[in-house]
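A.B. asks: Residue-level listing of the chains:
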Amino acid sequence: MSENLSAFAYLFASVCFIMSLRGLSSPTTARRGNMLGILGMTVAIITTLAAPGVLSYWMILLGMLIGAAIGTVVALKIEMTALPELVAAFHSLVGLAAVFVAAAAFYEPAAYGIGTIGHIPLGSLIEMSIGTAIGAITFTGSIVAFGKLRGTLSGSPVVFSGQHLLNAMLGLILFGLVLWFCDVESVYLFWTIVVLSCLLGVLIIIPIGGADMPVVISMLNSYSGWAACGIGFTLSNPALIITGALVGSSGAILSYIMCKAMNRSFISVILGGFGAEGGGPTDGMDGDKTVRRGSAEDAAFIMKNAGSVIIVPGYGMAVAQAQHALREMCDVLKAEGIKVRYAIHPVAGRMPGHMNVLLAEANVPYDEVFELEQINRDFASTDVAFVIGANDVTNPVAKTDPESPIYGMPILDVEEAGTVLFVKRSLSPGYAGVDNVLFYRDNTMMLFDDAKKMSEDIVNALQAI
Amino acid sequence: METDKLVEQASGIADGARALVGKAEALMIQANQLAAPVPASGGDNFVFYFTIFVLAVFVGYYVVWSVTPALHSPLMSVTNAISSVIIVGALIAAGPVDMSFAKVFGFIAVVLASINIFGGFIVSQRMLSMFRKKQ
Numbered sequence: 001m002s003e004n005l006s007a008f009a010y011l012f013a014s015v016c017f018i019m020s021l022r023g024l025s026s027p028t029t030a031r032r033g034n035m036l037g038i039l040g041m042t043v044a045i046i047t048t049l050a051a052p053g054v055l056s057y058w059m060i061l062l063g064m065l066i067g068a069a070i071g072t073v074v075a076l077k078i079e080m081t082a083l084p085e086l087v088a089a090f091h092s093l094v095g096l097a098a099v100f101v102a103a104a105a106f107y108e109p110a111a112y113g114i115g116t117i118g119h120i121p122l123g124s125l126i127e128m129s130i131g132t133a134i135g136a137i138t139f140t141g142s143i144v145a146f147g148k149l150r151g152t153l154s155g156s157p158v159v160f161s162g163q164h165l166l167n168a169m170l171g172l173i174l175f176g177l178v179l180w181f182c183d184v185e186s187v188y189l190f191w192t193i194v195v196l197s198c199l200l201g202v203l204i205i206i207p208i209g210g211a212d213m214p215v216v217i218s219m220l221n222s223y224s225g226w227a228a229c230g231i232g233f234t235l236s237n238p239a240l241i242i243t244g245a246l247v248g249s250s251g252a253i254l255s256y257i258m259c260k261a262m263n264r265s266f267i268s269v270i271l272g273g274f275g276a277e278g279g280g281p282t283d284g285m286d287g288d289k290t291v292r293r294g295s296a297e298d299a300a301f302i303m304k305n306a307g308s309v310i311i312v313p314g315y316g317m318a319v320a321q322a323q324h325a326l327r328e329m330c331d332v333l334k335a336e337g338i339k340v341r342y343a344i345h346p347v348a349g350r351m352p353g354h355m356n357v358l359l360a361e362a363n364v365p366y367d368e369v370f371e372l373e374q375i376n377r378d379f380a381s382t383d384v385a386f387v388i389g390a391n392d393v394t395n396p397v398a399k400t401d402p403e404s405p406i407y408g409m410p411i412l413d414v415e416e417a418g419t420v421l422f423v424k425r426s427l428s429p430g431y432a433g434v435d436n437v438l439f440y441r442d443n444t445m446m447l448f449d450d451a452k453k454m455s456e457d458i459v460n461a462l463q464a465i
Numbered sequence: 001m002e003t004d005k006l007v008e009q010a011s012g013i014a015d016g017a018r019a020l021v022g023k024a025e026a027l028m029i030q031a032n033q034l035a036a037p038v039p040a041s042g043g044d045n046f047v048f049y050f051t052i053f054v055l056a057v058f059v060g061y062y063v064v065w066s067v068t069p070a071l072h073s074p075l076m077s078v079t080n081a082i083s084s085v086i087i088v089g090a091l092i093a094a095g096p097v098d099m100s101f102a103k104v105f106g107f108i109a110v111v112l113a114s115i116n117i118f119g120g121f122i123v124s125q126r127m128l129s130m131f132r133k134k135q
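Here the protein sequences come in this chain order: W and A.
Numbering-wise (the working numbering), the first sequence opens with residue 1 and increments by one.
Numbering-wise (the working numbering), the second sequence opens with residue 1 and increments by one.
Any given hint might turn out to be false.
Derived pair list, reagent style DSS-like, types lysine-lysine, alpha-carbon separation capped at 25 Å [as the list claims (entries may be wrong)]:
(1) K304(W) x K134(A)
(2) K452(W) x K134(A)
(3) K134(A) x K339(W)
(4) K23(A) x K339(W)
(5) K304(W) x K453(W)
Everything labelled a hint here was simulated from the structure, so no lab data went into it.
With the hints as constraints, model all of the structure from the sequences given.
C.D. replies: Right, dumping it as structure tokens:
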């Protein structure tokens, strides 16, 4: 394939990728968008296979078959609740692939048209080492995030004294090593950079707590893009550069949205330690804390007599796998002529948009699901707010108590609703370690049980009435 | 008489075309001369690729802001899948006939990137197929 033709093919692939992201602007065009992504990928792969340097196909075919088999099986088997850890695992693979491609380019520079061994141009060396470092950080960082999301590693932040100093030192050493590597082109230095970056990846993610996982996973998404970008510069491949830049900015924007939804600065998330000091609830109203407990029958009665209900799902719903039972409950309510809508806080769940996917999985139509800004004003005119598995995102202290760690975080104003039904297993505070004052309000009824079991019990009670 | 004029005109046009071809050839040679040192020196066209990069960041910025928040999870899995276009680097490394370290690295990277490509696109498709409107 001539050089011009392949350049056009790569351009076509890049345009496909841009259009595939564009397609995600609405659920109606999203599937076509995904197909465009597949088309772009196919074109990029075929173009590369037709490149003059690619002569032996059996190993490539074998590698792709192995990868395709693993990827397909995993993607088809994965539970939608486990989506965040799957995405984290995928990010780590991109990072590791970037490291290996950079290593290949370093060992065989002639194949990529970047000089010969020992005589790689300075520019390529810089791009290569940056791509490698970001790739390695993404690799181990994503593995730690995967462990935390899966529960294999503790979700609570790991902090020790001098942590930030150590990270800063490691970062500086890494920077020095990159400069040194660009000067001497040593194989040992290359692998030292890889090892050190791997270590840094672990150290960066361990202090970040479970509540901040939506930010972490978006951030790693961004890193994997920049790593691809760095490799794209090394290989002088515009398709890789463009795609890497798209992915990088996408992850960065998602991190920004998540930080804003928690009213935390990106820096404070990265520095970590949030939720570690969750010991003492910060409130001054001890003494008169009584909660109103209710049963499934009470809840069924209240909702049956309501005109409108807003459901506020949170991560607890995902953990209990309650989305199907919840949708069944809503079906019964809708059959009674009650208006049912869902309100989603941006950081509900463990990754951006996680709740929307879980509700979609339970066959909830997407036009019944609303974002915070769209629905927040409607709580005041709603009879019942049904909070299931969410906590911090409804806590009014975010608006009233400047001392609170969640102060300033945009919340769903469920307190405005006529009655608030809280499905929760206990009175324990959420991830932020803050007691929720809503539990003790007069118009709140606590439904202490597993989210799934409670939803099922309410369905039975509704049918019995 | 008419035909003579036509012939004259036609030959005039042909001459013009020939001159153009000559110019094009000269241009092509010049372009080749300009392009030839580029692969040898590698980093020289950095500015060119950097321009692409910066423009792509802007495209990404505007495109991603237009993504509806409800589809942020599929956005992550789709971006994850397309970032596996890094496989093009892996294919070049795994392509040569002779066995070498680079070929092994390339092979490993092909496997890793393929897991991502297939896994990423399939899981995105699974997610997106669940988003339905009210019947």
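A.B. asks: Evaluate each hint against the coordinates.
C.D. replies: Okay, the hints, checked on the actual structure:
| no. | hint | verdict |
| --- | --- | --- |
| 1 | K304(W) x K134(A) | holds, 22 Å |
| 2 | K452(W) x K134(A) | holds, 24 Å |
| 3 | K134(A) x K339(W) | holds, 13 Å |
| 4 | K23(A) x K339(W) | violated, 74 Å |
| 5 | K304(W) x K453(W) | holds, 19 Å |
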